[in-house]
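**Student:** Knowing the structure of chain B, use the given hints to seat chain D on it.
So the sequence lines, in the order shown, correspond to chains B and D.
Position 468 (the first sequence) corresponds to 467 in numbering that gives the first Met the number 0; numbering is contiguous.
Position 94 (the second sequence) corresponds to 93 in numbering that gives the first Met the number 0; numbering is contiguous.
Hints in this document: simulated from the structure, not taken from any laboratory.
C-beta atoms are modelled at their ideal positions from N, C-alpha and C, and glycine is treated no differently.
A portion of the hints provided could be inaccurate.
[Said to hold, decoys possible] Covered stretches of chain B (chain D as the covering partner; in silico rule of three or more C-beta atoms under 8 Å from a C-beta of chain D):
hint : stretch
1    : 24-34
2    : 109-115
3    : 174-181
4    : 358-372
[Said to hold, decoys possible] Okay, derived cross-link-like pairs now, PhoX-like style, lysine-lysine, Cα gap no bigger than 25 Å in a straight line:
hint : chain 1 : residue 1 : chain 2 : residue 2
5    : D       : Lys308    : D       : Lys327
6    : B       : Lys177    : B       : Lys340
7    : B       : Lys340    : B       : Lys308
8    : D       : Lys134    : B       : Lys15
9    : B       : Lys107    : D       : Lys7
10   : B       : Lys199    : B       : Lys73
11   : B       : Lys15     : D       : Lys107
12   : D       : Lys107    : D       : Lys73
13   : B       : Lys107    : D       : Lys15
14   : D       : Lys340    : D       : Lys317
15   : B       : Lys89     : B       : Lys73
16   : D       : Lys199    : D       : Lys492
17   : D       : Lys199    : D       : Lys308
18   : D       : Lys434    : D       : Lys445
19   : D       : Lys434    : B       : Lys7
[To be verified] Far from chain D by the CB rule (all over 10 Å, computed), these chain B residues:
hint : residue
20   : Thr38
21   : Thr58
22   : Pro328
23   : Tyr415
24   : Ala441
25   : Asp495
There are 2 protein chains.
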Amino acid sequence: MELEQARKDLVTLQVKMSAYSHAMGLISYDGETTAPRGTAGNRAQTLGILSEITYQLSTGADTVALLEYLDSQKEQLTERENRMVYLLLKDIRFMQKIPQEEYVAFEKLAVESEDVWHSAKINSDFASFAPYLEKMVDYRLRFARYAAPDMDPYDYWLNEFEPGLNREKCDAFFGQLKARLVPLIHQCAARPQVSDQCLKGNFDDARQETLAYWLMDVMGLDRDHVGLSTTEHPFTTSLGSHLDERITTHYYPEDLSSSMFSVIHEGGHALYDTGSDEDLAYTVLDGGVSMGIHESQSRFYENILGRSKGFARFIFPKLQALFPEEMKPYTWQDFYKAVNKVQPSLIRTEADEVTYCLHVMIRYELEKRLMAGELEVRDLPRAWNGMYREYLGIDVPDDRRGVLQDSHWSSGAFGYFPSYALGSAYGAQFLAKMKETVDVDAALEKGDFGPMNQWNREHIWRYGCLLTPAQILENAMGQPFDPSYYLNYLEAKCKDVYGF
Amino acid sequence: MELEQARKDLVTLQVKMSAYSHAMGLISYDGETTAPRGTAGNRAQTLGILSEITYQLSTGADTVALLEYLDSQKEQLTERENRMVYLLLKDIRFMQKIPQEEYVAFEKLAVESEDVWHSAKINSDFASFAPYLEKMVDYRLRFARYAAPDMDPYDYWLNEFEPGLNREKCDAFFGQLKARLVPLIHQCAARPQVSDQCLKGNFDDARQETLAYWLMDVMGLDRDHVGLSTTEHPFTTSLGSHLDERITTHYYPEDLSSSMFSVIHEGGHALYDTGSDEDLAYTVLDGGVSMGIHESQSRFYENILGRSKGFARFIFPKLQALFPEEMKPYTWQDFYKAVNKVQPSLIRTEADEVTYCLHVMIRYELEKRLMAGELEVRDLPRAWNGMYREYLGIDVPDDRRGVLQDSHWSSGAFGYFPSYALGSAYGAQFLAKMKETVDVDAALEKGDFGPMNQWNREHIWRYGCLLTPAQILENAMGQPFDPSYYLNYLEAKCKDVYGF
Numbered sequence: 000m001e002l003e004q005a006r007k008d009l010v011t012l013q014v015k016m017s018a019y020s021h022a023m024g025l026i027s028y029d030g031e032t033t034a035p036r037g038t039a040g041n042r043a044q045t046l047g048i049l050s051e052i053t054y055q056l057s058t059g060a061d062t063v064a065l066l067e068y069l070d071s072q073k074e075q076l077t078e079r080e081n082r083m084v085y086l087l088l089k090d091i092r093f094m095q096k097i098p099q100e101e102y103v104a105f106e107k108l109a110v111e112s113e114d115v116w117h118s119a120k121i122n123s124d125f126a127s128f129a130p131y132l133e134k135m136v137d138y139r140l141r142f143a144r145y146a147a148p149d150m151d152p153y154d155y156w157l158n159e160f161e162p163g164l165n166r167e168k169c170d171a172f173f174g175q176l177k178a179r180l181v182p183l184i185h186q187c188a189a190r191p192q193v194s195d196q197c198l199k200g201n202f203d204d205a206r207q208e209t210l211a212y213w214l215m216d217v218m219g220l221d222r223d224h225v226g227l228s229t230t231e232h233p234f235t236t237s238l239g240s241h242l243d244e245r246i247t248t249h250y251y252p253e254d255l256s257s258s259m260f261s262v263i264h265e266g267g268h269a270l271y272d273t274g275s276d277e278d279l280a281y282t283v284l285d286g287g288v289s290m291g292i293h294e295s296q297s298r299f300y301e302n303i304l305g306r307s308k309g310f311a312r313f314i315f316p317k318l319q320a321l322f323p324e325e326m327k328p329y330t331w332q333d334f335y336k337a338v339n340k341v342q343p344s345l346i347r348t349e350a351d352e353v354t355y356c357l358h359v360m361i362r363y364e365l366e367k368r369l370m371a372g373e374l375e376v377r378d379l380p381r382a383w384n385g386m387y388r389e390y391l392g393i394d395v396p397d398d399r400r401g402v403l404q405d406s407h408w409s410s411g412a413f414g415y416f417p418s419y420a421l422g423s424a425y426g427a428q429f430l431a432k433m434k435e436t437v438d439v440d441a442a443l444e445k446g447d448f449g450p451m452n453q454w455n456r457e458h459i460w461r462y463g464c465l466l467t468p469a470q471i472l473e474n475a476m477g478q479p480f481d482p483s484y485y486l487n488y489l490e491a492k493c494k495d496v497y498g499f
Numbered sequence: 000m001e002l003e004q005a006r007k008d009l010v011t012l013q014v015k016m017s018a019y020s021h022a023m024g025l026i027s028y029d030g031e032t033t034a035p036r037g038t039a040g041n042r043a044q045t046l047g048i049l050s051e052i053t054y055q056l057s058t059g060a061d062t063v064a065l066l067e068y069l070d071s072q073k074e075q076l077t078e079r080e081n082r083m084v085y086l087l088l089k090d091i092r093f094m095q096k097i098p099q100e101e102y103v104a105f106e107k108l109a110v111e112s113e114d115v116w117h118s119a120k121i122n123s124d125f126a127s128f129a130p131y132l133e134k135m136v137d138y139r140l141r142f143a144r145y146a147a148p149d150m151d152p153y154d155y156w157l158n159e160f161e162p163g164l165n166r167e168k169c170d171a172f173f174g175q176l177k178a179r180l181v182p183l184i185h186q187c188a189a190r191p192q193v194s195d196q197c198l199k200g201n202f203d204d205a206r207q208e209t210l211a212y213w214l215m216d217v218m219g220l221d222r223d224h225v226g227l228s229t230t231e232h233p234f235t236t237s238l239g240s241h242l243d244e245r246i247t248t249h250y251y252p253e254d255l256s257s258s259m260f261s262v263i264h265e266g267g268h269a270l271y272d273t274g275s276d277e278d279l280a281y282t283v284l285d286g287g288v289s290m291g292i293h294e295s296q297s298r299f300y301e302n303i304l305g306r307s308k309g310f311a312r313f314i315f316p317k318l319q320a321l322f323p324e325e326m327k328p329y330t331w332q333d334f335y336k337a338v339n340k341v342q343p344s345l346i347r348t349e350a351d352e353v354t355y356c357l358h359v360m361i362r363y364e365l366e367k368r369l370m371a372g373e374l375e376v377r378d379l380p381r382a383w384n385g386m387y388r389e390y391l392g393i394d395v396p397d398d399r400r401g402v403l404q405d406s407h408w409s410s411g412a413f414g415y416f417p418s419y420a421l422g423s424a425y426g427a428q429f430l431a432k433m434k435e436t437v438d439v440d441a442a443l444e445k446g447d448f449g450p451m452n453q454w455n456r457e458h459i460w461r462y463g464c465l466l467t468p469a470q471i472l473e474n475a476m477g478q479p480f481d482p483s484y485y486l487n488y489l490e491a492k493c494k495d496v497y498g499f
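Okay, chain B solo, but in the shape it has when bound (with noise of 0.2 Å):
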């Protein structure tokens, strides 16, 4: 093979895999947003067709002696090359350990295993799920071992969400965080609980739209580039490149904070894709690099900034213009503490900030147990209920909005959930070293998110997958991660809205 040649055959392989891959987000994008209600058998069909074809583009003979050959020329290759064929590679020896049949049974078996976690939820019905999460955790059990004879399985899945992760830091993590925010949630229930009567009540679509759109701008969302529209669960997609962005999502008429807080977490995961450097685009090189890092950014935008007390006072004058009757017996200080309520409650994605990481903990735990054999699924709703009543003080009143609520363990996605509480933690320690050179709290108060974008664009989004999570932290943070830093932020919110 020719190395010129190569080189360019790389650029053509991953322009094609773009182009499947902008036809397919778009395809289901169309499914969640557009699409009449009857048209889900002509997507899976086409769908299917269009995975066998993008399946053999990746991994078929060709490709992948285009990548070992290339693989063979290292010192040959720049550094975004290297780090394209590592990518492309990493994906393939995956497959080539695994037996192509099981491989087969488990992608079929995922299928089924959603659509009965689907029904499953709506009835409260753990006993019709039990045999296909059965068969999840035991397909994951042997695929880690194929592909990692010598770790533990649930480090490899770790490892695989958020490259560099495992049980020790989860576990290390996590005690810091348990041992700081369980005394902090008894604190706050210790004080009179705050109000949130000024987010409930009867908000026009038409207007949350508006306000929608107006977050969009404020956040500096490149509104040619980022596309809004509505679904039943909100996410953010990117299509064939990061110069395509959509988010979504959903209003509520009897809660305002929902599709708002959803739109800036969403708007923070797009200003991450978009804000990758240009020349990324049709490469693997485009858009976020890890679930922990995007979720640093969503989080960091919805929370960190969009439940700020700046935010809260910029924000609250174009609320009343919005929603004058609604918001006529209000301050800016009730909704910037209506916004920061902390309540132990059933339902991780409606979490406060603070109880936000305990439903993560608590999966994490579960899920850990499941891997090691310590636990069995079908004991899973018991153990689930037992944590809430243990971390969170609260009953369960069915496996709906218990252990059934998230589909993540339906598709076999064990290892994903701590890098929600990771990429939070994350956030907090951008913020601090952001404020090193950024006035961020003045920004605020004058809705100005140009000085943060700028900042995270420097540091974090340009790179694209280009540096590895690790890489971005080191980058950022100037020092090793550390939560405490988290920790300081949530106590420090906490005493301000509750005044302790």
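**Tutor:** Using the frame of chain B, we list chain D on its own:
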């Protein structure tokens, strides 16, 4: 090659082509409906890659070998299979006759030409577009000579857009139309003009949308498989198969009729596409067979049913309920007259039912002369304006509202326009035949489209592309095509509305 394997490969080929068509169709649809403004380049990138891949899939050596083998085994194949092979080979055989570099140059020019036309139209600047149009005429002439050296080039293209059509048939058809339409328009003009004031006002978008969905339900469109979105220019598209159909509309607050009749028009296209027999999905036989038959359905629903007296009576109470203030001064008879007002105008797509065909005729005469070398491109605006004066009695104030109004010629689609008029005329003859077994007027007064849909499904829709357009006509008319049905229909309508 083994026959049974080849038959399976024929299925697989079409399933793959459907998947790519779904992906590419959706990317275009997204661009027209939802995508952020600045993402055209990103879409062009993906569509460029996917076009190359599908071109290779449709015309590559493996595909040609497969289809030529199957073509040699005609007697062993079913009627359906033979029709599939014929339709798939048709394009390949055309491509085989065109020198590849000329085809590539043409495709590239077409993109530029459409782009230049867009700006030329906005600026009413024919001179900037003329060099492109000259080249498009030239390419289309050469391609026709390559493809069918013994045929007149314009006949070749007429037959491409509507199989079976040629200049002789068009001349006869348009001759008959002109002979009776011109006096008819004069007769209407001699009577007091009817008022369309009830269609003008300030009609809320959200209520127009409610009306649009209501119309879809009334028409019997299956909203589980047919979606509605908004666009600048309304259109209809199938995604992957007739199981996912999309129509679009545009709400003008000042004009109630625009969105209303475009929903019925596009809904007619959608009824036709989605009416294909279920097992035609994912084959080249799925969906409508030709432009002429497609327009026969869209214009049948829009005009023959949608602007009928019975339907006006049925729909008016709904309009009163949605727009009580605007509709208060009017009766259903006012509404019926308003939507049937005859008045020569500048723009084809906004023309009334009676003058519409004259717009088409002007385009037909001009492109016939262009393709015959009897008219130079530079003389086109003068010729256009002269014919508008002669046929419609109006002066064209600028090329934007004249020769530059339609996009068709910018992409080289000479020979496309006649199918609009033919389709309208087909529809009137279908109506006559339909009335032999269906009480259309009674059904319309009840807003019951079931019997007409049933008839169309039985005679037209279910065949998809299995039958030729000529076979469909024979099937539905039971006698040769005769434009006098259409002329009788228009004369009766005018007599009723203008009272002569």
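**Student:** Next step is simple, just say for each hint if it's right about the structure.
**Tutor:** Do the hints match the structure? See the list:
{"no.": "1", "hint": "24-34", "in the structure": "holds (count 6)"}
{"no.": "2", "hint": "109-115", "in the structure": "violated (count 0)"}
{"no.": "3", "hint": "174-181", "in the structure": "violated (count 0)"}
{"no.": "4", "hint": "358-372", "in the structure": "violated (count 0)"}
{"no.": "5", "hint": "Lys308(D) x Lys327(D)", "in the structure": "holds, 20 Å"}
{"no.": "6", "hint": "Lys177(B) x Lys340(B)", "in the structure": "holds, 19 Å"}
{"no.": "7", "hint": "Lys340(B) x Lys308(B)", "in the structure": "holds, 13 Å"}
{"no.": "8", "hint": "Lys134(D) x Lys15(B)", "in the structure": "violated, 32 Å"}
{"no.": "9", "hint": "Lys107(B) x Lys7(D)", "in the structure": "holds, 23 Å"}
{"no.": "10", "hint": "Lys199(B) x Lys73(B)", "in the structure": "violated, 59 Å"}
{"no.": "11", "hint": "Lys15(B) x Lys107(D)", "in the structure": "holds, 21 Å"}
{"no.": "12", "hint": "Lys107(D) x Lys73(D)", "in the structure": "violated, 37 Å"}
{"no.": "13", "hint": "Lys107(B) x Lys15(D)", "in the structure": "holds, 20 Å"}
{"no.": "14", "hint": "Lys340(D) x Lys317(D)", "in the structure": "holds, 21 Å"}
{"no.": "15", "hint": "Lys89(B) x Lys73(B)", "in the structure": "holds, 15 Å"}
{"no.": "16", "hint": "Lys199(D) x Lys492(D)", "in the structure": "holds, 22 Å"}
{"no.": "17", "hint": "Lys199(D) x Lys308(D)", "in the structure": "holds, 20 Å"}
{"no.": "18", "hint": "Lys434(D) x Lys445(D)", "in the structure": "holds, 16 Å"}
{"no.": "19", "hint": "Lys434(D) x Lys7(B)", "in the structure": "violated, 65 Å"}
{"no.": "20", "hint": "Thr38", "in the structure": "violated, 4 Å"}
{"no.": "21", "hint": "Thr58", "in the structure": "holds, 18 Å"}
{"no.": "22", "hint": "Pro328", "in the structure": "holds, 29 Å"}
{"no.": "23", "hint": "Tyr415", "in the structure": "holds, 28 Å"}
{"no.": "24", "hint": "Ala441", "in the structure": "holds, 31 Å"}
{"no.": "25", "hint": "Asp495", "in the structure": "holds, 38 Å"}
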